[in-house]
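Going line by line, the protein sequences match chains X and D. Each residue of the first sequence is one higher than the one before, counting from 1 in the working numbering. Each residue of the second sequence is one higher than the one before, counting from 1001 in the working numbering.
A few of these clues could be false.
Said to hold, decoys possible - One side of the interface only, derived from the structure: several residues of chain X facing chain D at Cβ under 10 Å:
#: 1; residue: V18
#: 2; residue: V21
#: 3; residue: L22
#: 4; residue: T23
#: 5; residue: R24
#: 6; residue: V30
#: 7; residue: N39
#: 8; residue: R94
#: 9; residue: I101
#: 10; residue: L104
To be verified - What follows is a list of derived Cβ distance ranges for each label pair:
#: 11; chain 1: X; residue 1: T51; chain 2: D; residue 2: S1604; range: 49 to 55 Å
#: 12; chain 1: X; residue 1: A12; chain 2: D; residue 2: R1597; range: 40 to 46 Å
#: 13; chain 1: X; residue 1: V90; chain 2: D; residue 2: N1586; range: 49 to 55 Å
#: 14; chain 1: X; residue 1: A80; chain 2: D; residue 2: F1626; range: 25 to 31 Å
#: 15; chain 1: X; residue 1: T96; chain 2: D; residue 2: L1621; range: 34 to 40 Å
These are calculated hints, taken from the structure and not from any lab test. Virtual Cβ for every residue (Gly too), placed ideally from N, Cα, C.
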Amino acid sequence: MPVNYYIFVSIALFCIGVIGVLTRRNAIIVFMCIELMLNAVNLLLVAFSKTHQVVNTVTGANPGIDAQIFVFFIMVVAAAEVSVGLAIIVMMYRNTHSVDINFLNRLKH
Amino acid sequence: MSQLVFLVPLFPLLGFLINGLLRNQLSKSATGFIGSGAILASFIVSVMLFLDVKAGKTGVVTLFDFISFGNIHIPFAFQVDQLSSLFLLIITGVGFLIHLYSTAYMHEEAPPHFARYFSYLNLFVFSMLLLVLGANYVIMFIGWEGVGLCSYLLIGFWFKNNEFNNAAKKAFVMNRIGDLGFLLAIFYLLAKVGTVNFSEVFAHAPELSVATVTIITLLLFVGATGKSAQIPLYTWLPDAMAGPTPVSALIHAATMVTAGIYMIARSNILYTMAPVSQSVVAIVGLVTAVLAATIALKQNDIKKVLAYSTVSQLGYMFLGLGAGAYTGAVFHVMTHAFFKALLFLGAGSVIHAMHHEQDIRNMGGLRKYLPVTHITFLLGCIAIAGIPPFSGFFSKDEILAAAYETNKIYWVIGVITAGMTAFYMFRLYATTFLGKFRGTPEQEHHLHESPAAMTIPLVILAILAVAGGWIGIPEVFMKDGHWLEHFLTPVFAASYKLKEVHAADHSTEYMLMAVSVGLAVIAIAYAVNRFSKKPDLQEAGGIGKVLANKWYVDELYDTIIVKPLNGLGKVLDNIIEKSGIDWLVNGVGKGVQYGSRQLRLLQSGQVGSYVLLMIAGMIILFVLQFFLKK
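Model the full assembly from the supplied sequences, consistent with the hints where possible.
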């Protein structure tokens, strides 16, 4: 399968994520959209690693494996980030009884 | 001994610092003691230096490198020779007497102002000593500027009076105009000769073209006209009367105004090489002498008469310099220092007794009340009128004889001026001291002779005014009688070698003397006769009015220079400053304020809008890189 398909899927996922972040007001949905963007990038990484693996074995290095390990790292970091993010959202709800991000404009002050 | 020459200016500098910094702590007697003592100490060192120089020990004492760049080295060096040692004696000697006199004259001032006065006075003497001692034009220029500054400070000493401040400002600005000429001359010298040291400049002078020398000397002369009050920059000197009277004496007699004479006498070889400059110097001097003498005829302020007589006498000195009689000019500086200091201090004594009355029409008959002042003032008047054997006769006669040798017309005008000098001085004397007292009864009641601190300097100066001329007795009276000429020969030798000065034969010289003395005697007799009985108290009319108003020169300057400049200043103030520069500066401020108010709206606190902007930025960068890649 050509790598183009993966790229299109990845771009689509990423754009959905971006639009979600920009348009939705619910903090949890915004959060999910961020995860979507993250995973779009992950997908791209894996796709490229598979594509370039064959070419680069000639030199003895194996960059495909590196990229795939990198993806695992991203997933681990994302998991940690999710726990922190969700904790923030929980605290936010406790304080304001809302998860509407437009309600939180205190950065202005 | 000459290694100790730095002590001469050091003492007044210390006096200035002590009096200036401790003006709130020191008592008046301590201030007076320090101020006068500093000058006395300088005087003693100067006398020792003078004796050294007389024994033939001259030279240049280099203290340290002052300016050094490229090929140009300007050392901080002092010139110890006949000319400078003579000036040192005049400055510190007469200066000391004036300081002594001031301790009594200024006794009404509060201690801080008293100390301020003495510190300025000491700084004045210090600057003048620096000017005279400098071994190059740059050191001379430092002193030159210093005197200008101190004259400003002292003329405006009573700074609460606005008129006095204006007089001080006038003196400063006029001096600055002259200083520019001097400065240009220094730059020109550096460009052409590459050095400003006197010895090197004069040694290289013969290699320069006449045109170059003429330009340099004329520029130097512009400086001299400012400092020594010659046409066209003389109007500050009569206005300088605003300062305390001893200051007038210091400015007019011992220091400041003689700076221009000294500078030209020092640069004599350059002037001798440039006949055009010499003629300019002589003619400017002559015209100034006549003009100031005519103005002095009709002045009624005791100090104004003396001020114009100073301008006139300075004109004489320049005439002497222009005629190549350098010794005569320096001689006249010396005798003039004696009798003009005497006259000013005498006038100060009169003003002191009259409680700051300066109009001679309200005086008269002071002979009875102020015996010492009267006698000394009379001696001063005789000396300035040029009656033998008083000092003024010898020096004036030498200048007139040289003028006669150069151009007969110079001599004729010079003699007429001498007659006028005798006339106005004795008009002043007769109106002030003879006749009946014309002031208020209250003033008459308070009339008193001045204290000893004021009369002792008067007596000493009177003796000098009488006898000071005897060091320069002309050949016709006594063989080898002209000691001063003999003494100064090394300084002027190069000039005399270049241009032989012919002495007139004896019969001619007798004739010249007889004419000038005869004219002076007639003028004196007429003035005393006329003004002792019936002084002219009315306002002058006709030509006299023009003279009383100083030929309207001040008004002329006001119309053609001061007013247009003020107008220009106003235009610049209103148009360029207010609507140009202010608009720009305020506009920048307003623009920043407006811009930041708009930018502030961006910080909404909405995370969504930040993200939107971020993404918009990223897209813009993404699109841009397509174009920038190529």
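Classify the hint on N39/X as holds or violated, based on whether any CB of chain D lies nearer than 10 Å to its CB. With a closest approach of 18 Å, the N39/X hint is violated.
Interface hint outcome for T23/X [beta carbon to chain D under 10 Å]: holds (8 Å)
Assuming the hint says 40 to 46 Å, is it satisfied by the Cβ distance from A12/X to R1597/D or not? holds (42 Å)
Within 49 to 55 Å or not, the Cβ separation of V90/X and N1586/D? Taking Cβ atoms as reference, V90/X and N1586/D lie about 53 Å apart, which means the hint holds.
When you take the CB atoms of T51/X and S1604/D, is the distance between them in 49 to 55 Å? Distance hint for T51/X, S1604/D is violated at roughly 43 Å.
Just to be careful: measuring from the Cβ of L104/X to every Cβ in chain D, is the smallest value less than 10 Å? Holds. Min distance 7 Å.
Chain D contact restraint on V30/X - CB to CB distance below 10 Å: holds (8 Å)
For the hint on R94/X, does the least C-beta distance to chain D fall short of 10 Å? For R94/X, the interface hint is violated, since the closest Cβ of chain D sits about 19 Å away, which is over 10 Å.
Taking the closest Cβ pair, is V21/X under 10 Å from chain D? At 6 Å from the nearest chain D Cβ, V21/X passes the 10 Å test, so the hint holds.
For the hint 25 to 31 Å, verify it against the beta carbon of A80/X and that of F1626/D. Check failed, 37 Å falls outside 25 to 31 Å.
Measuring from the C-beta of R24/X to each C-beta in chain D, is the shortest one below 10 Å? With Cβ-Cβ at 9 Å, under 10 Å, it holds.
When the nearest CB of chain D is found for V18/X, is that gap smaller than 10 Å? holds (6 Å)
Hints 7, 8, 11, 14, counting from the list given before, are not met by this structure.
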